[in-house]
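Novice: Protein sequences, first through last, are from chains L and D.
Start counting at 1 in the first sequence, then tack on 733, and there's your number in the working numbering.
Start counting at 1 in the second sequence, then tack on 5, and there's your number in the working numbering.
Hint data in this document are derived by calculation from the structure and do not stem from the laboratory.
From a predicted model like this one, the values you see are computed outputs, not experimental measurements.
There could be a bad hint or two in this list.
Simulated coverage check for chain L against chain D, where a stretch passes if three residues somewhere in it have a Cβ under 8 Å from a Cβ of chain D [what the hints assert, rightly or not]: (1) 776-784; (2) 800-814; (3) 837-848; (4) 853-859; (5) 876-885.
Sample of chain D residues lacking proximity to chain L, with all beta carbon distances greater than 12 Å (derived) [unchecked claim]: (6) 206; (7) 236; (8) 291; (9) 326; (10) 354; (11) 393.
Even for Gly, the Cβ is constructed at its ideal location relative to N, Cα and C.
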Amino acid sequence: MSDEPREPMPPPALPPVTRRSFLFKLGLGLNALAAALVAVPLIGYVISAVVQTRADQAWIPLGSIGDFPERQTRLATYRNPFRVAWDGTTADIPCWVRRVGGERFQVFAINCAHLGCPVRWFPQSGLFMCPCHGGVYYEDGRVASGPPPRGLFEYEYKVSQGSLWVRGGRVPTLSQTV
Amino acid sequence: MGSSRLRAAGDWLEQRLGLRPLFEGSAGHLVPSNASSWWYVFGSATLVCLVMQIATGICLALVYVPSADQAWESLQHLDFEQPFGWYLRGLHYWGSNFMVALMTLHMIQVFLFGAYKYPRELTWLCGCLLFLCTLGLAFTGQVLRFDQNAYWGLGIGVSIMGRIPLLGESLTSLVLGGPILAAETLTRFFSLHVFVLPGLVITLVVLHLRMVLHNGINEFPTRGRGVDPETYDAEYAELIERTGEPFFPNAIHKDLLFSAVVIGSILACAAIFGPKLPNGPPDPTLIDTVPRPDFYFLALFSVFALLPPYMETFLIVYVMPVVVLALFAIPFVSRSGAKHPADRPVAVAGVVLVMTTVMTLAVLGLSSDWSPHMDAWKSVAVPVEMVEGRSPLELRGAAVLQAKQCRNCHALDGSGGKRGPDLGDVATRLTEDQLIRQVLQGGGNMPAYGKNLSPPEVAALVAFLRTLSPADAAIAQNSADPLGG
Numbered sequence: 734m735s736d737e738p739r740e741p742m743p744p745p746a747l748p749p750v751t752r753r754s755f756l757f758k759l760g761l762g763l764n765a766l767a768a769a770l771v772a773v774p775l776i777g778y779v780i781s782a783v784v785q786t787r788a789d790q791a792w793i794p795l796g797s798i799g800d801f802p803e804r805q806t807r808l809a810t811y812r813n814p815f816r817v818a819w820d821g822t823t824a825d826i827p828c829w830v831r832r833v834g835g836e837r838f839q840v841f842a843i844n845c846a847h848l849g850c851p852v853r854w855f856p857q858s859g860l861f862m863c864p865c866h867g868g869v870y871y872e873d874g875r876v877a878s879g880p881p882p883r884g885l886f887e888y889e890y891k892v893s894q895g896s897l898w899v900r901g902g903r904v905p906t907l908s909q910t911v
Numbered sequence: 006m007g008s009s010r011l012r013a014a015g016d017w018l019e020q021r022l023g024l025r026p027l028f029e030g031s032a033g034h035l036v037p038s039n040a041s042s043w044w045y046v047f048g049s050a051t052l053v054c055l056v057m058q059i060a061t062g063i064c065l066a067l068v069y070v071p072s073a074d075q076a077w078e079s080l081q082h083l084d085f086e087q088p089f090g091w092y093l094r095g096l097h098y099w100g101s102n103f104m105v106a107l108m109t110l111h112m113i114q115v116f117l118f119g120a121y122k123y124p125r126e127l128t129w130l131c132g133c134l135l136f137l138c139t140l141g142l143a144f145t146g147q148v149l150r151f152d153q154n155a156y157w158g159l160g161i162g163v164s165i166m167g168r169i170p171l172l173g174e175s176l177t178s179l180v181l182g183g184p185i186l187a188a189e190t191l192t193r194f195f196s197l198h199v200f201v202l203p204g205l206v207i208t209l210v211v212l213h214l215r216m217v218l219h220n221g222i223n224e225f226p227t228r229g230r231g232v233d234p235e236t237y238d239a240e241y242a243e244l245i246e247r248t249g250e251p252f253f254p255n256a257i258h259k260d261l262l263f264s265a266v267v268i269g270s271i272l273a274c275a276a277i278f279g280p281k282l283p284n285g286p287p288d289p290t291l292i293d294t295v296p297r298p299d300f301y302f303l304a305l306f307s308v309f310a311l312l313p314p315y316m317e318t319f320l321i322v323y324v325m326p327v328v329v330l331a332l333f334a335i336p337f338v339s340r341s342g343a344k345h346p347a348d349r350p351v352a353v354a355g356v357v358l359v360m361t362t363v364m365t366l367a368v369l370g371l372s373s374d375w376s377p378h379m380d381a382w383k384s385v386a387v388p389v390e391m392v393e394g395r396s397p398l399e400l401r402g403a404a405v406l407q408a409k410q411c412r413n414c415h416a417l418d419g420s421g422g423k424r425g426p427d428l429g430d431v432a433t434r435l436t437e438d439q440l441i442r443q444v445l446q447g448g449g450n451m452p453a454y455g456k457n458l459s460p461p462e463v464a465a466l467v468a469f470l471r472t473l474s475p476a477d478a479a480i481a482q483n484s485a486d487p488l489g490g
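I would like the entire structure built from these sequences, with the hints used as guidance.
Specialist: Here's what the structure looks like:
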């Protein structure tokens, strides 16, 4: 077909703007605008969890430092500082507190650095073990064996007026630690 | 006459509803007579599962409370108090298992029969999206059974996302509905499981079926005959002309029979095995838990345990999306050519390889030998024959072996953890010096115990380990010191 000689095309005639075609385009435009106006709050609502308007960490008391004997590692739990009324038990977050000595502590997240499963402390062998893929850590949080790419996540802590405080409120992952 | 009055009523309705042309163009569409095959029943059976999932799902939503503080209790109510509650949960659970299994079979059949080739490329693509959505439904559904496995399973999902560079943190928050797994996480997954994904699936199913009708069902492949996009349409039209028959009522019987068997099997499984009950409540402080995913994700769970750690992030973040894209790309890469599986040995080998790999990984995931047996040290005794007639020092060593949790990773003649080697014959493999070195310094995926064992404990432990050999086997000796010092 393309081989056939073709008549020169007449210049394309602009379609006449009728009342109908104008109103059609206006209608399309207005609906596009309306859709955009609806989309703004919808998208904002969904991604509000990502675009943070509030802090995601706060100082949380774990109890008197007397509760944590020297050179021992104990399980402590705290209430998520940003909880809502219907969180139920999910607002209770555990962590491992190791009192190195005096006011020196190490507070480890419960989550294995490999894939987040809860690690368990075995005082007899001085190891943390993970039940999922067999990650093992020494008492100071270093990787002893298994797949974890780093040691246990450690909370920032402070001792204030005889109490141990940690900064917490978010789940630790490799891209964002506690 | 009753029947003539019935027909008159039918005609009256048809005049107003105009359903007959719609029916004839869909259920009554012409299919090649060779497509009425037992191989072609998996797609319709998957659809039957979807309908059952929707029906049982709506009923479950009448009672289930998607709230972090009450979901678990409402499941207890569903399972033990609500009349038929346990059975509906069983139907929904087994329905999901059957749906994933049948969809997989359907996909394999379509692949092996070359049905994705011209002109059905988009039907395949649509099917791949349906596969992903259905796995999404399986995962989100597993989260709604809001128990310890759901809580820690989500934790695993979030940890995987956290490995994605740059986007990891944002994606984690988007999925959890905040910086931490809590109430908003459950409502998000409820919304996904009940509104978003089913809506997507229904839309995609409509598109999928529309394309099946528009392009015609794939003819049963013939050996030595391939697809040539230039001539295929004419050949297919000729085949329909010659052998076409309406799907309903001529060619549907095998689908009907198979669907009835599938529904019967789901009913039976739910009655015999019941639903999957939630395990402990979703309380993160109950850390004595061993999280395991449902069957469909066991293979993935195993991959994370068995891959060399340095490959994990690379594989999850880069290779997995490429694999999914490759699945989508199949009909665009292999658009024409042979259809019959006997003419496509590489395709058959590919299916066998993939399915063998996935099933092997899933079966390995069931026992998860790579996980320490967290209670073995206090619940699995040393076999009597390994302590009989031993010296006090050796007995002390056996006690050290238990007390220091060695058994969590090491079995003795098969009992105990399987992460490390079985120690039942360790004396035939390692000399005394090698044992001491291994215990103190670890290595080869074993922690170093140097700091947590006193010298007398080490001496006792190694003395005990040196007694562990089969009766007729020689124990390992230092070759430079043949008399054993």
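Novice: Provide an ascending list of the numbers of those earlier hints which the structure does not satisfy.
Specialist: 8
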